[in-house]
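Numbering follows my numbering, in which position 211 of the sequence shown is assigned residue number 211; successive positions increment by one, without gaps.
Calculated from the structure, these hints are not laboratory results.
Treat the hints with caution; some may be incorrect.
To be verified - Just the calculated beta-carbon pair ranges, DEER-fashion:
no., residue 1, residue 2, range
1, Q61, A192, 27 to 37 Å
2, Q61, D17, 15 to 25 Å
3, G25, V117, 42 to 52 Å
Just so it is clear, the structure is predicted and the values come from calculations on it, not from any experiment.
Virtual Cβ for every residue (Gly too), placed ideally from N, Cα, C.
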Amino acid sequence: MNVLEIRNAFRRHGTGDAAVTALGGVSIAVRPGELVGVMGPSGSGKSTLLNLAGGLDRPTQGEVWVEGERLDTLDRGRLAALRRRSIGYVFQHLNLLPGLTTVENVALPLELDGSSVRQARRRAAAALSEVGMTDLAKRFPDELSGGQQQRVAIARALIGRRRLVLADEPTGALDSQTGEAVLRVLRARVDAGAAAILVTHEARHAAWADRVVFMQDGVVTARSGPLDRPERLLDGTAR
1 MNVLEIRNAF RRHGTGDAAV TALGGVSIAV RPGELVGVMG PSGSGKSTLL
51 NLAGGLDRPT QGEVWVEGER LDTLDRGRLA ALRRRSIGYV FQHLNLLPGL
101 TTVENVALPL ELDGSSVRQA RRRAAAALSE VGMTDLAKRF PDELSGGQQQ
151 RVAIARALIG RRRLVLADEP TGALDSQTGE AVLRVLRARV DAGAAAILVT
201 HEARHAAWAD RVVFMQDGVV TARSGPLDRP ERLLDGTAR
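All chains should be modelled from the sequences, with the hints used to inform the complete structure.
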């Protein structure tokens with residue numbers, strides 16, 4: 001079964017002559033163990049696509065399915081529960097809670113879903129270790145650099161058994177070395193069975209994907225198989 005299926009999705013804002021079409025009939029499926037890159041210029045519909053995939057918005061027309069559940073028909077409570085348990089997000093604006101420490105921010109989704117504080121914090125510490133943030137577990141967000149905050153957001157997206165990870169420019173605030181390390185973590189989670197969508201402007205980051213979807217003006221304009229693998233891009237032997 002596909003982890004994610006978006007079927008002929010439209011998203012329009014406004015009505016009549018003032019209506020704006022953010023998505024114009026997009027269909028995408030992502031299997032377990034697959035990382036799909038999404039590329040395109042600003043305003044092409046990439047973030048709108050992620051919002052639909054994660055249940056943060058509903059399509060004007062079409063269907064969105066995650067693990068056999070049709071998101072656009074779920075009531076608010078069932079949708080919130082599915083998002084907590086099955087979907088991990090890495091937002092451009094991070095959305096870390098300033099009053100919680102690093103480890104508390106990462107553990108929060110598990111605690112909201114009923115895990116004990118001790119168990120949630122233990123799993124949060126393991127997630128922070130994956131992104132090289134173990135030593136900063138007790139810091140607050142405003143005590144971290146932008147890149148460090150980004151890594152905390154990624155750890156929060158990967159904690160638990162999330163089967164779908166949605167990453168919107170996850171390396172935007174990171175230097176190249178740290179960005180590559182974060183993408184290795186994402187790739188490893190996908191190789192372990194998760195499905196993921198990575199929105200990026202960088203071809204070298206899209207090279208971590210199994211295939212790439214190109215968007216413009218709210219529609220898919222092209223689809224590609226794997227690009228050169230990241231190691232080839234780094235050592236200069238790419239085509």
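Do the hints match the structure? See the list:
A beta carbon spacing of about 35 Å between Q61 and A192 agrees with the range 27 to 37 Å that was offered as a hint. In this structure, Q61 and D17 meet the distance hint of 15 to 25 Å, their C-beta atoms being roughly 19 Å apart. Range check, G25 to V117: Cβ separation about 45 Å, and the 42 to 52 Å hint holds.
Violated hints for the displayed structure: none, as all numbered hints are satisfied.
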